[in-house]
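Peer 1: If you're matching them up, the sequences are chains L and F in order.
The first sequence runs contiguously to residue 155 in my numbering.
The second sequence runs contiguously to residue 648 in my numbering.
What the hints contain is simulated information worked out from the structure, not anything from laboratory work.
Hints may be right or wrong, so weigh each one.
Stated by the list, open to error - These stretches of chain L come out as covered by chain F in the derived footprint (C-beta under 8 Å, 3 or more residues): (1) 14-21; (2) 55-65; (3) 111-124; (4) 130-144.
Just so it is clear, CB atoms sit at the ideal spot from N, CA and C, and this is done for glycine as well.
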Amino acid sequence: MKDRTEEILNKYANADRDSLIPILQEVQDIDGWLSETALTSIGNHLGIPVSKVYGVATFYNQFRFHPNGKFHIQVCRGTACHVLGSATVLEELQRKLKINVGETTKDGLFSLEIVACIGTCGLAPVININGNFHAGVTAESLDGIIDSYKEKINN
Amino acid sequence: MEMISQKNFLISEVLNLAQGESYSSTVTEDLKVLRNEKIEKPIIFVGAGTCGLGAGADKTLLAIKEYLLTNKIDVDIIETGCIGLCSSEPLMDIQIPGKNRISFEKVTHDLVIPILSTVLWHNIIPEKNVLGQFTTGENEQWDNVDNISDHPFFKPQNRIVLQNCGIRNPISIEEYIAAGGYRSFLNMLKTYSPAEICDKVELSGLRGRGGGGFPAGKKWKFALNTESDQRYLVCNADEGDPGAFMDRAVIEGDPHRLIEGMAIAAFAITATKSYVYIRAEYPLALKRLNIAIEQAKEYGLIGKNIFGSGVDFEIKIKMGAGAFVCGEETALIHSIEGKRGMPRPRPPFPASQGLFGKPTIINNVETLANIPTIIEKGEDWYASIGTEKSKGTKVFALSGKVALTGLVEIPMGTTVREVIFDIAGGIKGGKKFKAVQIGGPSGGCITEENLDIPIDYDSLLEVGAMMGSGGLVVMDEDTCMVDVAKFFMDFIQRESCGKCIPCREGTRRMLEILEDITHKPANGGSHPALKRFKGITQIEKLAKVIKETSLCGLGQTAPNPVLSTLKWFRNEYEEHIFERVCDAGVCTELRTFTIDVDNCIGCMLCVKKCPTGAIIGAKKTPHFIVQDKCISCGSCELACKFDAILIN
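Whole structure, please, built from the sequences with the hints as guidance.
Peer 2: Here it is in structure tokens:
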């Protein structure tokens, strides 16, 4: 993991403070999350105290400090999704997967996150699993969706 | 034509043409080819914006490719952005040589073969799924097919920003140029001075489309007139407002329009460097924008000494990291600088002291996407659209409980009723209209009695709503307005950056009061009803303090959804407080659970499941729910196998 962070940092030689967020994004893109070691080496590279790096990283919703599940579920909690029942969808997901928002299932398969708005309000309520959009989701249709991902693992 | 020769042809014959000079007849014909008006083999267009893909356009695309391969048909496939009619996705258009392009709606993958085989093999239009035909150059009309511009969803629209979305290939700079793109930019470089461009935009009456509504030209002048060695232009594409997605659609569907708008704006304020601050949640928009920027560089439209004019211009992309407050100008600047995205007091305004301390203009995507047309057709033309104080068009994102959802671009001054009942086809499922939320978490709602107000910046403010970025979420009788207020408050208090106390603490207290109203306390204390009543009188006072003392726009507008629902739907609040019922049935905790003694066999299952111990009873005798302890979670209903739990 450390080498990969180094690789990214090498691309940002002589970088300034304004490269901090792009670097954090790139590291998270590759590792899936931001580890303590990664944050430390980013701070050292940019000459910014690690506390500041951590301060920036925790400010933004995008950054995670523990690994995601194999399938990362984003539940859209935008207005349109809310009006069409995304709260029920979220509750049902929590019940089904037995995790809260921000957690990962014990088997490491699923993790759950809420996002403000994915921007596909015409298809509400929407959930996004590893980049695949599922439109018009209901508590009933969740079973099928979750199962289809479990099957992917079995095959 | 080959790519290289296309590029040389477009640069020498189109882009280098002086203003007013017309094309020769051979050039006109060649441009028709590039615009796909004169084609030799059929083209299939698929609406492949994020919304289309979400509705299954990727499967439709696969089915099309498979069909063409097995039947060995030579057809071009073009993936477009979103035309705006999200509820009819996936959309597939077919154009065969000599004929108009025709659009099909709801083309799921299983419908691909029946539609393609009838159109491509037999030149017959199937009866179902036809949306309409486009007038495509001088091609022949299809008989008995309506023109798409007569479709009730499209007819009242006036598409400037969205004119290419869903129609042209978003990642073909050739097609954009062939349709007249980048000419206004290049003509402007030769003809006008920066100050003249600022004047033109000011005279056009264009106001910021991100929510504030500040005259764009006026703002530009502030930056132009501030002494500095470097100025910056920032395009705000951090569309955080839940319920708005026009910026995403513009970037996915017509990225070159945004780039041209930015190039003109940068010239007007003499900025040589610019940034697009775009949400990371929009991967497709990001990808297409990157492609478009590379193409514009290849054509020399971005870079040093553009077309020998001595003007430099570069665009950098900065990805947002998911913070709603970064839509605020000063917070956005901090975020680009690599800091926590917190706002700072203004003045100094960014126009005089912004990014890295230099004069910076921040405009929203939709504002910038209007610019090329304003320069092309003139400020008077633009100012002739709209109302006295709100010029031009506005894009709205229609969602919620309407028959047709998607993006509409209408002239300012159109009434809310026209948008919801004429364009969007009214409420879904014949339900009763209740309200429409406009302007997202900063806005308010418009009720039945105000449906006839014209949509413009000032009329909306008069009824306690605001334009915002243009999200229109329609609600029917099944929506609980207290719940909607709670939803926005929950959003705002999560997104509050925490810098100033009124916003950080105030929004949380407001949320708590709303939760008290909608929750059923297991242990309500001695006077729960009195507490709730006091809460609602306090909420108005609190709202006033937050509005007056918050640092930035997020806090200053945060109480709006609560104040607006309280103003128009006070009765719903009172029902929740005193009668403890939610008529719409949304606030599930206000349901009353009882046990049907005839059905209950006394199995004890619900007794074990009840988290608060509210159910009492012995084995084989009917159970009983102690209402004071019940929190209406519904666990008993799920547990019961004998339908013995009744809900009111």
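Peer 1: Each hint needs a verdict: does it hold in this structure or not?
Peer 2: For each hint, the structure was consulted:
With 6 residues having a Cβ less than 8 Å from any Cβ of chain F, the stretch 14-21 of chain L passes the three-residue criterion, so the hint holds. With 7 residues having a beta carbon nearer than 8 Å to a beta carbon of chain F, the stretch 55-65 of chain L meets the requirement of three or more and the stated coverage holds. Remark: the stretch 111-124 of chain L is confirmed as covered by chain F, as 10 of its residues place a Cβ nearer than 8 Å to a Cβ of that chain, reaching the required three. Figure legend: the stretch 130-144 of chain L, annotated as covered by chain F; annotation consistent (4 residues with Cβ-Cβ distances under 8 Å, at least 3 required).
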